[in-house]
Every structure is written in C-alpha cells, then in structure tokens.
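Novice: Make the full structure from the sequences, and use the hints.
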Amino acid sequence: MRGSDLLDKLENLDLNLVAGAAAPPSGRVRQKDRWWLPALTAAAACIVAIALPLTLAYLINGTAPTIEYGGPGANSRNTSHQASAGESGPEGGSGEGNARREPNKGGGMDGPLLDGPYDLEPKVSVAGYGDEYVWTRYTLGEDYTSVFDELPAEDYFKYNVQGLGAVPGLWSGVSDDIEPLDAPEAREWTKEFSGLLSGGYEEPVIYADLSGGSRRISIQARLLTSWRDDSSDGRLTVDICERDPVDPAYLAQLTALTNETVAVFPKDDQGGRRTVFAIGGLDSDRCLYTWLPFTDIWCRIAGGGGIPPEDMAAILRWLFSGPELLELIHPLGAYNPEVYPYIPTPQTNDYAAPIGGTSAGLTGRAGQNQNGHTVLCLEVDYRYGYDGRPLERYSINRLDNYEGEDKSMGSLDALEYDAVIEEYALQRGAMDSARSADVYKRDQPMHYTFNFTWDDYYVTAVFSEELTADGLWSFLRQLSGAEQAKGTDGPLSIEVK
Amino acid sequence: MDDEKIVALFLRRDEAALGLTAAKYGLKLRAIANSLLRDQGSAEECENDTYMQAWAAIPPHEPWGYLFPFLAKITRRLAIDVARARSRKKRSAPVLELTAELEQCIPSPSDTAGQVDGVLLGELIAGYLRSIQEEQRNMFIRRYWYLDSIKDVAAFFSTSQGRVKTTLYRVRRGLREYLIKEGYDI
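Protein chains in written order, with my numbering: chain L, 5 to 501; chain W, 112 to 297.
Certain hints may be false.
Unchecked claim - Footprint (simulated), chain L over chain W, 3 or more residues, beta carbon under 8 Å: (1) 176 to 186; (2) 230 to 238; (3) 241 to 254; (4) 275 to 285.
Unchecked claim - With a straight-line cut-off of 27 Å between C-alpha atoms, the simulated DSS-like cross-links for lysine-lysine are: (5) W:K135 <-> L:K195; (6) W:K292 <-> W:K262; (7) L:K271 <-> W:K139; (8) L:K13 <-> W:K262; (9) W:K292 <-> W:K135; (10) W:K139 <-> W:K262; (11) W:K116 <-> W:K139; (12) L:K13 <-> W:K116.
Stated by the list, open to error - Label pairs and their computed distance ranges (CB to CB): (13) L:G24 <-> W:K262: 17 to 27 Å; (14) L:E409 <-> W:E234: 27 to 37 Å; (15) L:G24 <-> W:P170: 45 to 55 Å; (16) L:E328 <-> W:R188: 40 to 50 Å; (17) L:E146 <-> W:S242: 51 to 61 Å; (18) W:R197 <-> L:G167: 18 to 28 Å.
No lab work stands behind these hints: they were computed from the structure.
For glycine and all other residues, C-beta sits at the position ideal for the given N, C-alpha and C.
Specialist: Below, the structure is given as structure tokens:
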C-alpha cells in the first residue's frame, strides 16, 4: 500500500473521532491577541534597565557607570573576538572603571537572585543598539570565569531581569519550514543529546535543512510534564546555523527586555576564544547563544522557565566539544587553526586563496577537526569564471586520512576526456531515472558529484544540474593547470601545506 | 438549526435541507476542499457536489449526531479525486506532501495487497488514535483527514508550526509501530 492509498482509507476513520477534531480546543488565548504586551513590557524594562543601575551606582559609589553605546551593528552584538564590557564603542565611554554591583542585595526585577559560596561580581555597563534599545550588560570576564572549572549554570542568568515568564521571540528565526533529519546517524545523535539532559524529557527530534545557502539544524525537546500545556515552560530547542539568522535589531529588542550577561572564557587549548551571551532570567524563558571558535558556527540554546539551567550549560559544553553532528553544518565541525595559520574566516572577508593558491574566487577553511581528520573545504563563488554557478563546493581530504568510499575517477593529471564524459552521462542518466520513478523528486535540486585524486589528496567536487559535460572537462583542465583559469588573476593552483 | 432537524428534512426529501446545510456548513466544507485544491472555484464545485451526493445518500444513511463529519467525508473524497486528476497533468504539491508524510506510517512499502480492507484499517487506526493524547490525535486528524496545511493546523491549535511538525512526526512513527505490532502487513 502506498501513502495515497492510506490517504483514501483514512476516510473510513470513526466519524466520532473526526467530529472530535472539528472545533478548535477551547480555553486558549492566542499570543497574538496580546500583541501589545511585549512592547509594554519592553518599555517598562528599558526604563528600569536605565534608571536602576544608574541610581544604585550613584547611591553605592557616588559615580555613574560607563555607558557603551554603539550604532546599529556595533558593540551591541559582539562576536567572539571582542566581548568585554567597558570596551569603548564608537560613541562609548572610557572602558574601565564601571560601577560594580553587590551580588544579591535585595533581588527585585534586576539583579542576582541567589547567594553563592563565592564573592565574585560582574562588570556592569549599559549597552544599546541604535536609538531605540538599551539594556544593562553584566560581563563575567576572564577573572570571573577562570575561577571555576565549569561556570555555574545559574550565573548565566541570575543577573538578568527575573520574573518575565514567557519571552516568545527567543525561539524565532530558525525553526520554521524545517523537516526532521533523515539520516542513519540521527538516532545515535538523538541518544547522545538525551544523555546530556537531566531526565524527564520526551525523546528529542533533530530537524535539519542542509540544502540552502545557510545550513541549519534544530534539536527540539520538551519536558514530559509540559506536554498538555502550550506554554513554552517545558520547551528546549538547540539551533545550530552556518550563519547567524537573527536580525540584530530584533535581538536587541529582546535583550532590552531581559538584559544580558556576557561570559568571556580564557582561550582554550587550541587558542579558541569562547564568549557566551545569555538573555532571560532563571525563572523565565531564556537563551544562550554563541559562535563556535574558528568555524563561527552560530548556536542558540533556548529553554523555557521549567528547563534546568544546568541542562542548557551541559548542551553548551557539548557544542564546544565539537560533536560529530556539527559536520553537517561544516565538514570541519571545529578545528585547530594553528595547523594552517593563514586560513581566513568569513568574518575577515578575505577572499585570497588560503593555502598558496592564487585564485581570487576562493574562500577557504582548513584544519583538523575533532575526529582527527585533516579536512580542507573550499567554497567557490561565481568569480571562478563559470556562467551561472555550477560548481557549488568541493572538499579536499588527505588520501592517507580519507575513510570514505573510493569513487574516484582517477588522478587529476591522468584523466581522459572520454572517461570523464562517460561518468557525467552516467550521473545524468541516474538523475533522470530518479525523477521519473518518483514525482516527488521532480522539483528537488539534484547535484553531480565527481571525485578524483590530486597528488596526496582526495577531492570531491559538487556541481549543480547546470553543469555541462564540456564545462566539467574545462573545470578539470583549469584545476590541473592545463588551461588558464577563467575570471581569475592568474593560474589556479591549490597547494595544501 | 439542529443537525437532527436538517437530517429529518433530508429524510422527508424536503429540498430546504440543502439550503440549511449550505448555510450551516458551507464555509467549513469549502475550507476542507480548498486546503487541498488551493482554488476557490474548485472548492465551491466540491461543496456543491457534496450536497448532491448527500441528497443521494440520505436515505439510506441517517447521520443523526454526525452530519458534519458525514458531509466532510464526501467533500474530502471529492477534493482528493480532483487533486489526483490534476496531478496527472502536473504535480499537485499538497497531495504529494500528504501522501509522502503518510508513507512513513506504512510498515512495509510494497505495493501488493491492493486490497487491504479499508474498514479494518480504519478501525485499527482509530484504535491507535484513541490511545494517544487528545491534542496529538486531533492534530493528526486535522492534517490527514481534514487536509489542513501545517500552517492551518498550527493556527487551529494556536501553536507553532514546529510543534505541529514534531507532533505529527511522532504520531506517524507511533502509528507505524502500532501497525507492525498488530501484525498488520500492508
């Protein structure tokens, strides 16, 4: 029986069940009916966020805290490379000497809730975005975070605004139009993820969209006790994206509502800088977000008020450890840049070939990933010289490390025209067969994948359907130097040190 | 007007039944068809054909207490037939989405046995749906019986599309395991 048969046979379903689903559930208040609530709350929080630290600072020290206040896209959303409060922004203050808050002095809407066994204090400053959004930033610098083997989970959230309850916007920007991951490893990864949590969760589901210009994964879980209730209280979502998808103005709006804690950690063994941003309080919806070192993969862990902060911190540690799942986003997962010191990152916008090549059309990253594989991944853009952009990407692995199936056409220098065209025709034929066998695939993009060896490396090159047979041959000739590279400043060559 | 009174009019062959049915349920029936066909004109045709088929079916059927589901079932069948006829000429995305999702409920994808008894399967599926939570059950029915899009199901339950997808995924998987456990080889 096929799905279409089942669709038909469902008409025989007991009509009492059908009738039971005829009307919407009662007793729900749609969040959009109270659209004005976040705006009102944000306005109130802004007023408190500005007035309260200034007042307290004046009362305690007799001085006002430093204000760091940048324009759009400035310090309000720092990358992993620049994160401590007190740095002067374009319009900012002096950098040091911010007012210091005493921990746990009376709680209230703003300030830490819990006594700890330690006497550490965050640096306090006021940050902002544009002319509209202002918040208090609590920075846990290296002097704070280095005291602990693991920063206590509650410290991410205890200084932010407490008692807000639901903050629906924390989950936005990633998970719409995304399907469950269909991969054999998904079950194993789900189990690995569940092992991080304290218990009481439904089985998580991993979603992924790996097809578009920005790959993303979303892992979603929910506390068993919250299943009957549509509130976000028991909801936990981990979003991992190739590029940060959240609009900075929107993020600023949320941050202005809850305030922000920024935790800066000492460099790790590989020289990676970890900076974690936390918004939301201990008893409300909250999230942690960060960029993983070197790859700049963006991660967000969002949890409802019922989710233990310790679970969120455990997930964060797991992400920093470079789990295999990250290789769906980037083949490197996380890597050590000291092996290849000249590799540019997307942040630097350096389009020079990273490893001795001269093509202006390449951006690249390389290194060893956490599984010990040396992987070089180059992304080529249209400036490489093709009409359209049939070449989408290619990856280069060391031959002695390559563990995949060998589908190579042979060595690049020894490839012959007839053999290459034959391989092209085989793949074209396979695509056509797949489409005629399954109409659902008709509108799905398909790709050519060609493999060959090149000196000590195994190369996989992926092309869109626009590739022609002659285009493929020309590409290979350019790569081997037998033809001049088109659209570049000089002959294309790729050396891997 | 009460459904019982409308059914009584059908049984008396009083054509006022049709007008009253249209007034009470016309919008909902059109919505079911439109979910699949995405075309108001075709949805209206399905609605009108529903009334004709209901007129022919009552009697002998006497849908006391379940008039709307009875009518909705007719509309659903009509809409699926129209969608299939279209897909012979070009792809109909909503039907293909639904059938692709439902494939995941089928333990064994072989195409034999064409002739799985529909009534028996319907009872089995009903048994499974009764065993799960009400909201999960109703989401499944809204999606695969009422043919709502994911977005419409989310709006119906005032929740997010992501949550709807997760729920449907789990229910489909649970149904598949249930059918395997019941030894249902389809």
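Novice: Looking back at the hints listed earlier, which ones does the structure fail to meet?
Specialist: 5, 6, 7, 9, 12, 14, 15 and 18
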